[in-house]
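Visitor: Following the hints, put chain B in place on chain A, whose structure we already have.
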Amino acid sequence: MFSGLLCRVFCRVSLRERLTTQKAQPLGWAFSFWGLVIVAASVLAVTDANTFATWLAASLLPVTPAYLSWLKRTIFFALALSVLVAGPQLLLLIVPAVLAITGRAYPAAVSFGLLTSLVLLYPHFQSVNVHGPLSIPLASFSFILVSAWVPAIIFFRVISWKSLIALFLLPVATILILSISSAHWLKPSILTNDLVRLILAVLPTAIVSCFSTLRSTVVPPLKWTVIPMLVGWATVSLIPYAPFSSIVFDESHGKWETVQSSFGPESFGRNSNYTYTELFKKADRLVGRSSIFENESAPLPGVDSLMIVKVPAESLSEMFESKLTDWVAKGGRLLVIADHTDLYDTTQNINSLLTKNFGMRINADAVYDATGMPNIPTIPVAGGLLGQIVANNRQFAWQTGASLEQLPTLGIELMSYGPSFSEPGDYSRANRFGPFVPELTKRYFNHSAAIGFAHGLGAVAVVLDSTPWSNFSIFKEEYNQMFRGLVRALEQPYQLRILATGAIILGILAIVANALPLNVTLPILGLIMGCTLGSGTSIGSVSWSNHIEGRDFNVRVHTGPNARLEFLKQLVLPGEHNYSRIVSALGKYDLMPIAFSFGEEHPTLIDSKDWLFIEPSPAQLPEYRHTRRHLRQGGNLVFLFSPQQATDTNVLRWLNDWGLITQNSIGLSVSDGMTSSSGSFLGGRGPVLSRNIRVITTAYGSSLLKPYEADQFLQSYTLRPTKLPRESGFITISFSADQFSDDAIGEVWEGINPSSLGRQRERLLASFYIDEERPDLMPSYLIRSAPRLTELPAFIVLENGAKKLAGQFENTNDDATTAYFRSLRDQAGSFITTHCHPTEPNKLTECSARLLGDDMIEWLVGWRSSSDGKIIAIELLHERRMSGLGSTWNVIFGK
Amino acid sequence: MRVTRLLQTFFLTIAFSLSFNALAVGLISQAQSAATAEINGLGAPDSQFVLETQAEETENIMLNELVLSSVGDQNVDEINQRSTGCSTGCSTGCSTGCSTGCSVGCSVGCSVGCR
Numbered sequence: 001m002f003s004g005l006l007c008r009v010f011c012r013v014s015l016r017e018r019l020t021t022q023k024a025q026p027l028g029w030a031f032s033f034w035g036l037v038i039v040a041a042s043v044l045a046v047t048d049a050n051t052f053a054t055w056l057a058a059s060l061l062p063v064t065p066a067y068l069s070w071l072k073r074t075i076f077f078a079l080a081l082s083v084l085v086a087g088p089q090l091l092l093l094i095v096p097a098v099l100a101i102t103g104r105a106y107p108a109a110v111s112f113g114l115l116t117s118l119v120l121l122y123p124h125f126q127s128v129n130v131h132g133p134l135s136i137p138l139a140s141f142s143f144i145l146v147s148a149w150v151p152a153i154i155f156f157r158v159i160s161w162k163s164l165i166a167l168f169l170l171p172v173a174t175i176l177i178l179s180i181s182s183a184h185w186l187k188p189s190i191l192t193n194d195l196v197r198l199i200l201a202v203l204p205t206a207i208v209s210c211f212s213t214l215r216s217t218v219v220p221p222l223k224w225t226v227i228p229m230l231v232g233w234a235t236v237s238l239i240p241y242a243p244f245s246s247i248v249f250d251e252s253h254g255k256w257e258t259v260q261s262s263f264g265p266e267s268f269g270r271n272s273n274y275t276y277t278e279l280f281k282k283a284d285r286l287v288g289r290s291s292i293f294e295n296e297s298a299p300l301p302g303v304d305s306l307m308i309v310k311v312p313a314e315s316l317s318e319m320f321e322s323k324l325t326d327w328v329a330k331g332g333r334l335l336v337i338a339d340h341t342d343l344y345d346t347t348q349n350i351n352s353l354l355t356k357n358f359g360m361r362i363n364a365d366a367v368y369d370a371t372g373m374p375n376i377p378t379i380p381v382a383g384g385l386l387g388q389i390v391a392n393n394r395q396f397a398w399q400t401g402a403s404l405e406q407l408p409t410l411g412i413e414l415m416s417y418g419p420s421f422s423e424p425g426d427y428s429r430a431n432r433f434g435p436f437v438p439e440l441t442k443r444y445f446n447h448s449a450a451i452g453f454a455h456g457l458g459a460v461a462v463v464l465d466s467t468p469w470s471n472f473s474i475f476k477e478e479y480n481q482m483f484r485g486l487v488r489a490l491e492q493p494y495q496l497r498i499l500a501t502g503a504i505i506l507g508i509l510a511i512v513a514n515a516l517p518l519n520v521t522l523p524i525l526g527l528i529m530g531c532t533l534g535s536g537t538s539i540g541s542v543s544w545s546n547h548i549e550g551r552d553f554n555v556r557v558h559t560g561p562n563a564r565l566e567f568l569k570q571l572v573l574p575g576e577h578n579y580s581r582i583v584s585a586l587g588k589y590d591l592m593p594i595a596f597s598f599g600e601e602h603p604t605l606i607d608s609k610d611w612l613f614i615e616p617s618p619a620q621l622p623e624y625r626h627t628r629r630h631l632r633q634g635g636n637l638v639f640l641f642s643p644q645q646a647t648d649t650n651v652l653r654w655l656n657d658w659g660l661i662t663q664n665s666i667g668l669s670v671s672d673g674m675t676s677s678s679g680s681f682l683g684g685r686g687p688v689l690s691r692n693i694r695v696i697t698t699a700y701g702s703s704l705l706k707p708y709e710a711d712q713f714l715q716s717y718t719l720r721p722t723k724l725p726r727e728s729g730f731i732t733i734s735f736s737a738d739q740f741s742d743d744a745i746g747e748v749w750e751g752i753n754p755s756s757l758g759r760q761r762e763r764l765l766a767s768f769y770i771d772e773e774r775p776d777l778m779p780s781y782l783i784r785s786a787p788r789l790t791e792l793p794a795f796i797v798l799e800n801g802a803k804k805l806a807g808q809f810e811n812t813n814d815d816a817t818t819a820y821f822r823s824l825r826d827q828a829g830s831f832i833t834t835h836c837h838p839t840e841p842n843k844l845t846e847c848s849a850r851l852l853g854d855d856m857i858e859w860l861v862g863w864r865s866s867s868d869g870k871i872i873a874i875e876l877l878h879e880r881r882m883s884g885l886g887s888t889w890n891v892i893f894g895k
Numbered sequence: 001m002r003v004t005r006l007l008q009t010f011f012l013t014i015a016f017s018l019s020f021n022a023l024a025v026g027l028i029s030q031a032q033s034a035a036t037a038e039i040n041g042l043g044a045p046d047s048q049f050v051l052e053t054q055a056e057e058t059e060n061i062m063l064n065e066l067v068l069s070s071v072g073d074q075n076v077d078e079i080n081q082r083s084t085g086c087s088t089g090c091s092t093g094c095s096t097g098c099s100t101g102c103s104v105g106c107s108v109g110c111s112v113g114c115r
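Listed in order, the protein sequences are those of chains A and B. When we follow the working numbering, the leftmost residue of the first sequence carries the number 1, and every step to the right adds one. When we follow the working numbering, the leftmost residue of the second sequence carries the number 1, and every step to the right adds one.
With the rest of the complex left out, here is chain B:
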């Protein structure tokens, strides 16, 4: 009885370790791919043509059938360092709304109010 339990525990432990390991390896590889994709993405255009993202075989393009979401938000929140509005933690709202204050006053106000 005791031997069986020990064996069960042993195999369970091995199974868990292997699955955790596999999960960890998977996560690391996912993180690396994400980072690589992000770095490569620096060379991608900031915005896209909607027509570029549609099926190619269409002879008649019907506007009401276009998949408009295919271009996402056109990288409106494109992030590089502190470039677009993120310098003080105040994201898009601040870069326009707090134009004068961003450099000084917005460091507090924006991060709270403008995110």
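Extracted from the complex, chain A is given alone in its bound form:
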């Protein structure tokens, strides 16, 4: 219908007429419109990741306003589909081909080189740090300029001078108008809108097409281009890799994201979670060896090693910088990990190395999307042709990274954030972040997130966000992919050089092609294009490879559509379940999880021995026969369903296949809950009696599954017949997934004093994979104590360090609040007597066990004794994530 409409508008004939009779030739300006707009849209689609532009370019393909046979038109239609499925990068080859087929030889030749060159060199526009008279950074407008100027160069020989001048001046006028409008009606939400950007980008070419005709010329045979291209591609593909014998982590410039911290079952807090211990293990498994570089004076490793300089909080000496640069020039490979807003001075320290020695500079800023949130780009699979290392059509959730101020000449973009704002840091605030407010004065660009370039015989890659590889986040599939991708890219310094050099040569050749005979330029263009795409594919093909069990992961995690894996609680709505903490904690038990979000991949049981499904959709549930075979082979499966899924008929049917039925397990429970809408500890919270109703599974006697161990939350089964020693794996089913969510057990940012529940749940889930006895559901170190009179007559209550309440106990006339604290004092006194012996008189004794108050609030307990061992003061401390209170409370009892 769309094709018919376009033909009727522009060709003044119906599609049927035009396709069935050669008399119905299109008008010249119709073809001009088509040609200019398809090129402009393609440019926008590949440089600005604009979805509307991709759709427009793809839609224009099958409606080419020229006489075409049915076969050709069907091929065009298939090409359009491939663009939509595989990505707009295919347009770099398709557009020149279509122009050639429609008899525009020179535009075809020029676009053949220029489009690819443009895409590879476009990231350099982010280095254009020019405002001039404009109120908006010029780089924010680069999409308008390239979308008009590139078609001008491509159609240079076949359109009039007036059209050319118009194509060069119209975008400039547009930019000036927009810049003036930024003080009035133009808002960030308008300029960042994909549809608006498409209109702004295509407008100059659409206007020019009204008074242009694209003259046709004789097209040389296709083989002049294709054969050299294939030769170039094959030649580059034969260049050998330079694999790594080891990965060395620099630990001589500060302990930020150290690889030396412990990350085990008893490791809690940000000094364990917010480090690279897991990355160190992954590196070891990936290349066979990982080690630590401890001080600058130590000799650098062999040039067959990868050195990782990660967010250096201490400066690098000039001598070391020079030594490192020479090492790279001799063939060493360097991976530099940077972060936002010069956090802990890391940007300054990295820039000192990169600017002087490699011509690259990082901004002290933070990058975020059009709404002020972290970027989540999706790189289509065809991006792998151009060296993109995560081109797998999956979302990549960046945390908050920096942008580039200056790219090296031979820099190749390996990853991007997608269209994003760059905001300088605010050093008046503790976290160095600015306000995260989209504003037009900040640069809005498809910013690079990782860059690679060759230097001498070696290569360097820089990644601009450090958080993805922290222990708490590395379980996500995309962050593993990024690590493998960067390692793979750095194993190919020659390909990096060819890709970057090829981009420059292609650009120059394409422009020169307008002035030279095609039989000279086409074979050269083909050869260079083949080399460029060959090297791009060598680097980017890692995007299409799979994670390997034992090397990249041990436990494969798949989440359903309602389960989230976020690190910022602001991204999770109340009522949603987030599971980052429990999944990341599997790493503490050497289980190296890898997690796929819903829709990224259909689980296939042969990919892994151990599986964790969190709130899986029925479509993700493995088939009966596959599950049976998996269990028979000793594989373990854990399914954490949400309570709501207990009524899902598809889930119930799947259980029934196994001879499992569901039933309620009901028990009384006491919780620390809200008793009034205020929700505060003082007056608004208290013990709440309720019934805890959980759905559990049980097996029919005829079921192939034999009950192994069960409680209210989890039921485990093995496969019959039972053998000793056990050969079957476990299948564990729960309808209490919520009890493993961050809301229940705490988030990844929890401090070194974890909630008892968090510690217990981490061990519980891990126990299914490590063949460890299942821990008690009630932690033994969380103790309730019957009140016992303790002679401390006064109390003080602090919330987040601020005094909220103070009082004296009067045995007869206590009000309800005072009575509450008297009871709490007596519980604490009893607890200390039985579970917490003093260390030294007059010093604080911190009890290792925790007190569980009558109202189900968890307390750390500390106390001081006199020289004769009597209690002289007690302090109860509730850290904000221990219970549901949300604040830190200190309750002190004394005189």
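No wet-lab data here; the hints were simulated from the structure. Among the hints, a few may not be true.
[Unchecked claim] Partial list, derived from the structure: chain B residues whose beta carbon lies under 8 angstroms from chain A: (1) Glu-38; (2) Leu-42; (3) Val-50; (4) Leu-51; (5) Leu-66.
[As the list claims (entries may be wrong)] Now the stretches of chain B that chain A is said to cover, found in silico as 3 or more residues with beta-carbon under 8 angstroms: (6) 5-13; (7) 30-36.
Just so you know, even glycine gets a beta-carbon here, dropped at the ideal spot from N, CA and C.
Guide: Same frame as chain A, now just chain B:
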């Protein structure tokens, strides 16, 4: 006369350069210590016992003599990446008040209204 002035200028210049240099070196070293302290602080507990921070020799702890400010604000604004409420620039106020909107709407509203 001219020579004296020249000498004065020369010595003044040297004195200024040295003091600026010393100041710069001092600042750099201060910044490095601050960064190191912050990184090491990641291993510190989020909150503290008030009793831990008081003088040790006291036999009788009188609550009205305790230095309550010794625990600060118990790291209520603990900052790591965008963790506690800072993800959208909306600090503590937003993470509670804008719970539903934080992910989308608060990017503008919070940074202005909730800081």
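Visitor: All hints are to be evaluated individually against the structure, with a verdict given for each.
Guide: Status of each hint after checking the structure:
1. Glu-38: 6 angstroms, holds
2. Leu-42: Since the shortest Cβ distance to chain A is 4 angstroms, the answer is holds.
3. Val-50: 5 angstroms, holds
4. Leu-51: 5 angstroms, holds
5. Leu-66: Holds. Min distance 7 angstroms.
6. 5-13: violated (count 0)
7. 30-36: holds (count 4)
Hint compliance for this structure: hint 6 alone is broken.
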